[in-house]
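J.: The task is to assemble the complex, starting from two chains supplied on their own in separate frames and drawing on the hints.
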Amino acid sequence: MARTSLSVARLPVDPLGIIGLLALVALWWGLSQFHFLSRLALPPPAGVAAAITQNFFSSSYLANYHLGYGGLAGNLAYTISNVVVALAVSCVVGVALGFASARVELFRAFADPIMLTAGTIPILVTAPFFLIWFGTSRSAQIALLILFDVTIVYLFAQRAAANLDPTYVAAGRTLGAGPMRIVSDVYLKGALPEVFGGIRIALAGAWGLEAFSELLGAPKGVGRVIQAMAAEMDSQMVFAAIMTLAAVAVAFDVAIGGAFDFITRWRRRARL
Amino acid sequence: MAEVELRNVGQFFRRSGGALVEAVADVSLVIRSHEFVCLIGPSGCGKTTLLQLVAGLTPASQGQISVDGAAIAGPSPERGLVFQRDSVFPWMRTIDNVSYGLKCRGVEKTKRIEIARQYLRQVGLGDVERSWPRELSGGMLKRVAVATVFANSPRVLLMDEPFAALDYVTKLQLHQLLLTLWEQHRPTVLFVTHDVDEAMLLADRIVVMKEGRVVDDRKITLARRRTVESLALPEAVAHKEVLLRHLGLGELVQDRTAPL
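Chains as they are written, first to last, in the numbering used here: chain A, 1 to 272; chain B, 1 to 260.
Note that these hints are calculated values from the structure, not bench results. Ideal placement from N, C-alpha and C gives every residue a C-beta, glycine not left out. Heads up, some of the hints might be wrong.
[As the list claims (entries may be wrong)] One side of the interface only, derived from the structure: several residues of chain B facing chain A at Cβ under 10 Å:
| id | residue |
| --- | --- |
| 1 | Pro77 |
| 2 | Arg79 |
| 3 | Val88 |
| 4 | Trp91 |
| 5 | Thr148 |
[To be verified] Restraint-style ranges between C-beta atoms, simulated for each label pair:
| id | chain 1 | residue 1 | chain 2 | residue 2 | range |
| --- | --- | --- | --- | --- | --- |
| 6 | B | Pro42 | A | Met180 | 36 to 42 Å |
| 7 | A | Ala23 | B | Ser43 | 56 to 62 Å |
| 8 | B | Arg225 | A | Pro166 | 48 to 54 Å |
| 9 | B | His194 | A | Met180 | 35 to 41 Å |
| 10 | B | Gly138 | A | Ala255 | 32 to 38 Å |
| 11 | A | Val104 | B | Leu231 | 47 to 53 Å |
| 12 | A | Thr167 | B | Ser28 | 26 to 32 Å |
With the rest of the complex left out, here is chain B (with noise of 0.2 Å):
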């Protein structure tokens, strides 16, 4: 069980003219157990805000943040996250890197070893776990990434936009990836992406947010694993309408009114 509750969540900041900025604004959600959210929103909406909040590396300005009922207090190993940029530490190597939380955690050397290895092999990277992170592509790095969260065994899986800065084939199969290791952990997920087609395959549930707010909350319930041909069903293209309007690309979407 990982239930995470956002209840009445706000962040402000100030700019450096003293002008006080509302990043996230009464935001009050919950995501069930085992759920797989995306949050999906324009540039500067409070995404990556909100996601940081949960995995408590800011404290909220206001509002309760919990899972399972209990008030999160900072960051834990229990709440993964998965960065936009590398967050794989470049001084270890991939091994250690993916052993790392297992070593805070005081898990020993053996144990840990093993485990990481089970899961570099489940990324596909079995054959360089001695290699330095300079020696592997952004996807292979990435896949370290994953691996490395899922090593510590979190309840709940934070992603800031992962896989935005790769390839179309990496991020597809990257995809296949996060799904197959989400089916077989079942972690409760918070995907960050702007991408509605990333959306789309993944989600279970599509928030979207809009200068702070969420403004739209919809279940996606067409049937796992999704392909190409389900994404084109009409359930699809109508929630994928809906979403490109929120994104402000209403122009992109045919009008249904308008005589063709």
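In isolation and in its complexed conformation, chain A is listed as follows (with noise of 0.2 Å):
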């Protein structure tokens, strides 16, 4: 008989995060209200949230300084969309190159030394690089965001792929499965779970990359408005702007999370 598999439900978030959350904005709240510090320094959470849904969706306060008419929305989709491209591309070619590392030796020592270098690189310091080479233009955000992503991703879809017992493809390859079918339906499949824990730190730190990318020089972007406010001395449209970024990069990562766990649902292990 098959061992018992209980389809219980599973939450997509941790109770226990959104209580640590409500205790932050509970300690927020109390900060703020009892004037711990300036209302500057911390604005109250009340503040933020009219500040959030008075200029989400067009703000003619935003457009004033050049961030367009869309509100923190459009600023939020333009770095969103950033965000997402880098991913994608850097999924196709960091799981590309890492698989192909992990299999053929000869391009484990080509391509190593390079990834790994690209890796140290302290990412920030070559912003300004990127901005003389790529302009203004969300290209330069874009490839700085792949530099970033596309190390991650190799490191784990290679190590995943070096780590798949070697019984799977050779019971692949005796069954008759070809080269394609190997990669496609053993190494991929095999070492999805791994790449996907790549994937989501790549995007965890993607996010406040992006942010400090868009200072320098990007025409819009939740980044922009964070500078164009902090230098207005406008902390609650900071904290608005963050707050929504936050917020987005959480909502993000539990719709990924949930996505990778019903794709990896067969290591789910059983509740008894």
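T.: Structure below.
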């Protein structure tokens, strides 16, 4: 008889995480309410919430600073699209190079030093070079993110493919799988859990890096909003921009974590 | 027909220190069509290496291996292999594992699912076709592996200590299942084991390897299906004594020349 596998509904978010988040908001509210810090240093949560709702879908206030008429949402869309495009490119390139380096020793000898060097470059220091190479277009931000993401995805993909039990590859070959099927049905599927881990780490770091890279001449984006509002000493809007970006990052992580969990449901432990 | 012939087959590899190791040395062997041959020998004697050479997973350093006169060149679904370690893909449901070989060969989906279901029923797993491998026990996984290989209709079946990690009862059940499938489909079998009783129960012929070489090759003519009683017959006991001596277990064999 098969071992029991109860289909207990899995919560996409840890309840303890929500409690922690609520505790943080409560602390923030307490600190601002009892004036431990000035409103400039720490605006109250209610004020930040109001700034978000008033400037979310359209904002003439932000338009005054050449940040478009789309409000926070328009700037978020710019930031999100850069992060998503860079991650998609990095997944394709990083996984392909990682698998190739795990399988072909000669390629590994060639690719490892390049990727490891890329991984040790202080990414923020290189940002001005991207501005010089790509100008103020979004290509500069995307290229910077790709440099960051692709190294992480490459290392995770390489390790996953190298760690895959060779018995699975041998089994596939004796069952009649050709080289393409071995890559798609054995390496890719077997390595997915570890590769997904790398993608989540790359994504988590990409939000902050994208916001930073937007400071270097991007036409818009959440980073630009933060920069413009900080120059105006409008800490309420700075917090509003940070909060919306954090909410988007968390939502993406939860959604991607859920999707990855579903795709790799074959490895979920049976709950007895 | 699937006659396997090994002619002067050798396999060498270098240890990290640079020393040349002869894992298989000048092995010549003919396994006739439909024959069930067990390859037995102490650990490290080259049994698994030889099996992998016949599977085509590793090219031989010297000599030639052929099936029905055609030299082998790499792995082929015609030579199915059941591994000692778990080889069932954990990321595929049971039915998808069993039908995978057929998918690789381009068999249409409805047909391959029908064939896979038939083999799953035959190995007693008809009710778990949608289960993930992690939901199955070790014995069930071996049944899936056996069904997967038989579903691919191999002409030669290679088995590398497939039941070594199983408990006694499960192992005996799987022996009976394997014999049933072999009697129905009659592939030529090369079965690696270091279990003398297992070899005596299954084999038409037992080939003994030591230090990479074939040192004994004996026909087992006991009537099939073999039982506990048939394995206690004088012929069986005589074979077992010789095999145990080959495995370095002579002290377990009664010295017939000594006074009782």
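J.: Given the hint of 32 to 38 Å, is the C-beta distance from B:Gly138 to A:Ala255 inside that range or not?
T.: 37 Å, holds
J.: Note whether the CB distance of A:Thr167 and B:Ser28 lies within 26 to 32 Å or breaks it.
T.: Holds: the Cβ-Cβ distance is about 29 Å, inside 26 to 32 Å.
J.: Is 35 to 41 Å a correct range for the gap between the Cβ atoms of B:His194 and A:Met180?
T.: 37 Å, holds
J.: 48 to 54 Å was suggested as the range; check whether the CB atoms of B:Arg225 and A:Pro166 agree with it.
T.: Since the Cβ atoms of B:Arg225 and A:Pro166 sit about 36 Å apart, the hinted range of 48 to 54 Å is violated.
J.: Would the hint on B:Val88 be counted as holding, given a Cβ-Cβ threshold of 10 Å to chain A?
T.: 8 Å, holds
J.: Hint check: is the beta carbon of B:Arg79 less than 10 Å from a beta carbon of chain A?
T.: It holds, given that the least Cβ distance between B:Arg79 and chain A is near 7 Å, below 10 Å.
J.: If I claimed the Cβ atoms of A:Val104 and B:Leu231 lie 47 to 53 Å apart, would that claim hold in this structure?
T.: 51 Å, holds
J.: Using the beta carbons of B:Pro42 and A:Met180, state whether their distance is inside 36 to 42 Å or not.
T.: 40 Å, holds
J.: Quick check on B:Trp91 please, does its C-beta sit within 10 Å of some C-beta on chain A?
T.: The hint holds - B:Trp91 has a Cβ within 10 Å of chain A, the shortest such distance being about 4 Å.
J.: Does B:Thr148 pass the interface hint, meaning its C-beta sits closer than 10 Å to a C-beta of chain A?
T.: Interface hint status for B:Thr148: holds (7 Å vs cutoff 10 Å).
J.: How about B:Pro77: closest beta carbon in chain A under 10 Å, or not?
T.: 4 Å, holds
J.: Taking the CB of A:Ala23 and the CB of B:Ser43, does the distance hold inside 56 to 62 Å?
T.: 59 Å, holds
In summary, the structure is inconsistent with hint 8 from the numbered list given earlier, while agreeing with all the others.
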